[in-house]
Amino acid sequence: MGCVLGGLACCFGSAACSLCCAACPGCKNSTSTRIVYSLFLLLGTITSALMLIPSIRDSLDKVPGLCNPIWFNNEKTRLLNCDYVVGHLAVYRTCFGMAMFFLLLTIIMVKVSSSKDPRAKIQNGFWFFKFVILVGIIIGAFYIPRPGGMNQVSFDQVWMVFGMIGGFLFILIQLVLIVDFGHSWNEKWVANYEDSQNKGWYVGLLIFTVLFYLISLAAIVLFYIFYTRGVDGCPMNKAFVSVNMILCILVSIVSILPKIQEVNPRSGLLQSSIITGYVQYLTWSAMTNNPDKTCNPSLMDIFSGKVNATSVILPPERVTGMDWPSIAGLGIWMICVLYASIRTASTNNMGKLTNKNTENVYLNDNSSGSASNKDEEKSGQNVWDNEEEAVAYSYSFFHFMFFLATLYIMMTLTKWYSPTADGTLTSNLPSVWVKISSSWVCLVIYGWTLIAPAVLSDREFD
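Numbered according to mature numbering (1 follows the signal peptide of the UniProt record, and there is no 0), the sequence shown spans residues -17 to -1, 1 to 445.
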């Protein structure tokens, strides 16, 4: 929390930063910087979500002259076209502005190797100016014109394609973060057992592993009941659920094979259970985008008892707004982004996502810390520079990850639906294949992390 307050204080000048940081716990500038960028992204996400609330549009109409034309100097005029500042159009433009902001930083921060690079000051400071630039880009995005004819391709339709590609890539990044979290969790609790000889740590690992598998099993059963429509209905959904269930069983078996355990002792059922649950979420998310409404019941219909394994119900086309797949997706996104932001850079694991030269940083933490103590005596600041010798993470890749995260947010908030020329949203079959193929790629990547040390025995895998 001290890092967050310190980063926000830096938005308003060094004096405020000094006063705030002096009252907060110490942290590395590499950590505080990532947290502040996460706050930027979170603020943009909240803003986009608020634009989807139907009552917002009605409230804007009540402001005289804002949305509805009024007579001024013998002419009808209005300040805004409020159809642009609410709904999925606003989400697309807000996320476009955030994406361009992070893409710009991705290009600027290429090959920054230490805080001695002048560009590192842009990365770790000038928060007020960066915030103004971000807001300016977002406002500028709202002035992107819409086509005049119904047959013309709109900005939203083109940007949706980029959103689907970026969302697909971020789903894969989520997998890497989830696997890393599983490995870290497993290592931490095993280490605690070895230090204390308390079997409660192993019991805890067993409980959570079983819990994740039970949740996944329950999800599969519910998928077969509500998303397959009996013996002959919804063959595509049946194939998705069955194939992913078989693949999850295979990777779980592979993770505990003696040969795999010999070369990769960190692998285990905890990580496999987490991946299995994540794959079931992707499967569910893909099925909820199925244009065939008989195979895509809403959770409201399921919970109310209006739909069962044999009945057929045609729910109305869903309007833009937050549904349960979107809420679950944003929850997973938030956890992964926060985990990537606060993931300690002082470990010796060279392969961690967004980390770079972490071993050198770890070795120089003590020297940086001692130097920071002197600075504390002078200015009272507890945020110290731990990147004088080498950066703790790749600046450029970090911003590229946030660029993809913004596209994922955009697609999640609009439920991966396809915008039409008249400004509405429709179910999108390509998004079904993007999500289900991402689940297969995730399983392939995770399976490869298990067998790669055994297949490529001449290489070292940390």
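Any given hint could turn out to be false.
[Said to hold, decoys possible] Label-pair distances were calculated between CB atoms; the ranges are: (1) PHE111 - VAL246: 49 to 55 Å; (2) SER420 - ASN181: 39 to 45 Å; (3) SER440 - ILE39: 42 to 48 Å; (4) PHE191 - ALA437: 39 to 45 Å; (5) LEU33 - ILE198: 27 to 33 Å; (6) SER440 - PHE111: 24 to 30 Å; (7) SER179 - VAL144: 19 to 25 Å; (8) GLU177 - ILE239: 16 to 22 Å; (9) ILE190 - ILE229: 21 to 27 Å; (10) TRP423 - GLN180: 51 to 57 Å.
These are computed hints drawn from the structure, not numbers from a lab. All C-beta atoms, glycine included, are put in the ideal place defined by N, C-alpha and C.
Against the earlier hints, flag every one the structure doesn't satisfy and list their numbers going up. 3, 4, 6, 7, 10
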